[in-house]
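Engineer: Assemble the whole structure, with the sequences as input and the hints as a guide.
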Amino acid sequence: AGGGGPRSDPHRAGFTHCLSSKRSEGARFVRMPKADGDAKLLIQSLNKAYAATPTNLKIIDLYVFFAMVTALVQVGYMGVVGSFPFNSFLSGVLSCIGTAVLAVCLRIQVNKDNKEFKDLPPERAFADFVLCNLVLHLVIMNFLG
Amino acid sequence: NAFGGVLCAFTLILIGVLAFSIRLFSVIKYESVIHEFDPYFNFRVTQFLSKNGIYEFWNWFDDRTWYPLGRVIGGTVYPGLTLTAGSIWWFVNALNIPLSVETVCVFTAPIFSAIASWATYLLTKEAKGTGAGLMAAAILAMVPSYISRSVAGSYDNEAVAIFALVFTFYLYVKTLNTGSLFYATLNALSYFYMVCSWGGYTFIINLIPMHVLLCIVTGRYSSRLYIAYAPLVILGTLLAALVPVVGFNAVLTSEHFASFLVFIILHVVAFVYYIKGLLTPRLFKMAMTLVITVGLAVCFAVVAILVALVASSPTKGWSGRSLSLLDPTYASKYIPIIASVSEHQPPTWPSYFMDINVLAFLVPAGIISCFLPLSDASSFMVLYLVTAVYFSGVMVRLMLVLAPAACILSGIALSSAFDVLTRSMKFQLSKLFDDGPAISGNGSPNGSSASTVNTSSSKNEKTEKSEAAPKEKQSKKNRRKDKEVTESVSVKPKKEKRLSVLPLEASIVSTLLLIALGGFYVVHCVWAAAEAYSAPSIVLTSRSREGLHVFDDFREAYAWLSHNTDVDDKVASWWDYGYQTTAMANRTVIVDNNTWNNTHIATVGTAMSSPEKAAWEIFDSLDVKYVLVVFGGLVGYPSDDINKFLWMVRIGGGEFPHIKEPDYLRDGQYRVDAQATPTMLNCLMYKLCYYRFVETDGKGFDRVRGYEIGKKHFKLTHFEEVFTTHHWMVRIYKLKPQKNRIRGKLKKLKSSSKTSSTLAAGRKKNPWQ
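Line order of the protein sequences matches chains A and R. Quick note on the UniProt record's numbering: the first sequence kicks off at 1 and runs consecutively. Quick note on the UniProt record's numbering: the second sequence kicks off at 1 and runs consecutively.
It should be emphasised that the hints constitute simulated quantities derived from the structure, not laboratory data. Heads up, some of the hints might be wrong.
Calculated pairs, BS3-like style, for lysine-lysine (alpha carbon to alpha carbon, straight line, at most 27 Å) [to be verified]:
hint, chain 1, residue 1, chain 2, residue 2
1, R, Lys734, R, Lys711
2, R, Lys734, R, Lys712
3, R, Lys715, A, Lys118
4, R, Lys625, R, Lys715
5, A, Lys40, R, Lys285
6, R, Lys285, A, Lys48
7, R, Lys276, A, Lys40
Short derived list, chain R residues pointing at chain A, Cβ under 10 Å [claimed, not checked]:
hint, residue
8, Val17
9, Leu239
10, Ile742
Small disclaimer: the values here were computed from a predicted structure and weren't measured. Ideal Cβ positions, reconstructed from N, Cα and C, are used throughout, including at glycine.
Structural biologist: Spelled out as structure tokens, the structure:
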């Protein structure tokens, strides 16, 4: 939501700016720094907004990031060494992605900004997370071969 | 409220008993025997499991079928059904209740249909409430389509798979409604049970992503959707890969790609929503334009690579059966075996009325009721129904998947209808008795709305004291909720819109008509269960003036085989009878109902279509000792091998080009009378079926085809008849051993014919000579 007037004007200005830049080549040199400035402004505001999130959520985010990096490392290793045995590769990658997904679910449930989960105690959310991880890793250990 | 809970539980128990008992007609009318063909294989596997334990079962290589290839049972069977029945048998015997494996197998299906109706109750309760749940459960307990595949004795995958399907959907909808990770875990485990049970699990893993996509597209994305779907994909794929028959197909085949695609889309959407929450709207718009311009190029590149990968495989990564579902004409063009199975044909219109009866009318009403109001759960129901209707239109076997959807939506429709009607009746009746003398000009909206308030409060007291009809009790919970809502809302004109009320006569007549509709449904279901779907198809009956006549020829033939042949003798027949032969006669067969090797089946088909000598050579190369054919001409049994013969020709001709279908048809017509072609009259199937048939009535009149046969008096040179059952339905022949000496004249004839055959031009080479 929000006001219609001040919000739509820069958007329309940017749009016509794009159009005009398509027609004249000289305007292109003017467009790039503006886009750069836009990107920098974007990244700055993203950083600022992210810094405001509570610490426990940031820990969960770090865990997700670690899991995804591990998955990427495994995929890279598979690219180098080959995919035999395939079940081990699959179980390794899917365990990383699986625990990342479960951590994201935990983050959703624990986040105080989420109105839907405000009467779910965080201990229950964590217990569900542990249970689901248990099942996931039981399956992984069976499938690892 | 406690009274409502107890009543609900009691009704559920009654529904379970109903579901169990309506499936017992076959046991009462015939006997406790396994039906059809596929259940015999499952029964044999369960026997092996109960005798040898689970590790032997997991690693079992069966050398008694598909001789000489064998079959890896552990890796090609869906273990859910056999493991379920095996555990029930083990548990019951551990309690010292001495049930045999056969009894457990026969009664597995009715037990699980009772449990399936409870699962339907749970699923519908999540969508619309308790009243609708009870209605849907009662309807599912009786729906003929489900009865046909789960009658006592029909020991097939669908018996437990339908329960697993409905229960998985229930857990998915429950996770969607509550957002609890615990239910998401249970959902994945229930999906694992479904993958173990039936190849139709691909329906789940494509329907749920479709629903997630629908929610995203219609703007109903929420964090509960993420929790419901994302863990299911990862855990579900892993669990599906654990089942040996699926294995790596869980990540490599196109049937699963939809789930991964929607997984990625869901993450993109979730990320977008997250960023939207972080940034101000202006910056968000800027981010979107940047991302879209860059991201679109990357997206196109990835999609192009994926499409090229998939398009490079000839079937585009789909299996034959799935392709025939998507393109109904695919099987008839490329895979005659799939096209020849009668279950895989498209259904006719009357079969819809036969199988889901009254539900065909109630389902559209249910769809409308789902839209008022539309929630995630009710949109899922509608999507499930629409896809099920499409697939049931492609294959008659999939009417079974349509059955739960139709029951749920009909339950919702009937429950909403009874809701409105009984509410109207109560309102009108209380108006008649209470406010009749007091209010005269009731036409103004204000006056009637005031009376609505008064009567609703007085109705509350009345309902707590009065003895309401059982049907009203089921919707009592819903109506109480309605009344509380209306009393809390103070705006009067709005109340008028919420509570629509019909005139008294209309509501009474409509209620009676709906009850009569339900009565017709029940009568039809019981008739269908008793007459249409209880036949075990291994025992046939017919009514004549003398009473009931029983044809037990199949079991007679298998018993003869098991008593009069050696354990290692190989029996060749058409693939329909393979499972029964291995299970009941305990002999090695060449091909069976698994139909996994088309060339092997084509070999048998070619042998049946060739003249005696060529057929003898084919069978001899396969070490066959006995040949079994099914013949219905004497008693009028229509599903015999002569009627299936054209499929043998087609399948055989698909692999061995010297068998040509037009050779067996006279002017495009399939006949076995005097007008038949010489190829037809000389082929092995004709000879084995009609050998000495003329001795029965002197004229050789075939009761199924309706005319006299063409060649009546002939001798068999390479086969000898060893057994024909009482009604000539099964005939068993033995291969004659090769002659020890070939006389001189014959030797010269043989060598001269050989040279002439090599010199003959333009003749198709027979690979067996």
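Engineer: A separate judgement is required for each hint: does it hold in the structure or not?
Structural biologist: Hint by hint, here is what the structure shows:
For the hint pairing R/Lys734 with R/Lys711, the CA-to-CA distance comes to about 22 Å; that is within 27 Å, so the pair holds. About 21 Å separates the Cα atoms of R/Lys734 and R/Lys712, which keeps this hinted pair within 27 Å; it holds. Distance hint between R/Lys715 and A/Lys118 is unfulfilled; the C-alpha atoms sit about 87 Å from each other, more than 27 Å. For the hint linking R/Lys625 to R/Lys715, the alpha-carbon distance of about 19 Å falls within 27 Å, and the restraint holds.
The straight-line distance between the Cα atoms of A/Lys40 and R/Lys285 is roughly 15 Å, inside the 27 Å bound, and the hint therefore holds. Our distance criterion of 27 Å between C-alpha atoms is met by R/Lys285 and A/Lys48, whose separation comes to about 17 Å. Restraint check for R/Lys276 and A/Lys40: satisfied, since their Cα atoms lie roughly 17 Å apart, inside the 27 Å limit. Violation of the interface hint for R/Val17 is found here, the shortest Cβ-Cβ separation to chain A being roughly 35 Å, above the 10 Å cut-off.
Restraint check, R/Leu239 versus chain A: the minimum CB separation of about 6 Å is within 10 Å; hint holds. The interface hint given for R/Ile742 is violated, since its Cβ lies 56 Å from the closest Cβ of chain A, which is over the 10 Å cut-off.
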